[in-house]
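Asker: Please model the complete structure; the sequences and the hints are all you need to start from.
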Amino acid sequence: MVEGESTNDFLRRSLLLLDPRRPAYPSGYPVVSDDLIACLQELSKIYINKPRDIKASVRDLLNDKVISPLIKLIQDRETYHLSNIYDIKSRLVDVDARQYQAKIRECESTIEYLRGKLNIVNTQLDDFKKDLKDSSKNLIDTTKEVRSL
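Residue numbers (our numbering): 1 to 149.
In case anyone wonders, no lab produced these hints; they're calculated from the structure. Careful, some of the hints might be misleading.
Distance condition first, Cα-Cα at most 30 Å in a straight line; then the derived BS3-like pairs of lysine-lysine [what the hints assert, rightly or not]: (1) K117 <-> K103; (2) K130 <-> K117; (3) K133 <-> K144; (4) K130 <-> K144; (5) K117 <-> K133; (6) K129 <-> K117; (7) K129 <-> K144; (8) K45 <-> K72; (9) K45 <-> K65.
Answerer: So, in structure tokens, the structure goes:
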């Protein structure tokens, strides 16, 4: 807002800037969506037509004509962009793919079961190895005693 400019003049100037009949923006500048322009034009019209303070009756008009469509527009754009970012698009999964997925899950659970069983057998093998080492040591000691006699 320029110094000395009234609110109505500012809003009229803003409304002229948002006029869809105005030539397009030069290349390189972002183009404002028509929905957003329509919402802002409605808001400007309400402010221009109601020079006094905005009262409760006008508040409902603002909510219905400007704020709700603006919020919906922003939510729709956000959903659209997020779906593009994460490529969230429904894909049909045929029966064969479901069967393969079930088979893969079954194989994974079998692998986990066998991995656990292998750990148990490894522990037992370590125990047997330790026992064998102790018994062989005892056998060597006994053999030395027998030879010395």
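Asker: Work down the list of hints and note, for each, if the structure agrees.
Answerer: So, going through the hints one by one against the coordinates:
1. K117 <-> K103: 21 Å, holds
2. K130 <-> K117: The hint holds at about 20 Å.
3. K133 <-> K144: 17 Å, holds
4. K130 <-> K144: Given pair K130, K144 holds - Cα atoms ~21 Å apart, limit 30 Å.
5. K117 <-> K133: With Cα atoms ~24 Å apart, K117 and K133 stay inside 30 Å; holds.
6. K129 <-> K117: 18 Å, holds
7. K129 <-> K144: 23 Å, holds
8. K45 <-> K72: 20 Å, holds
9. K45 <-> K65: 11 Å, holds
In summary, the structure agrees with every hint in the numbered list given earlier.
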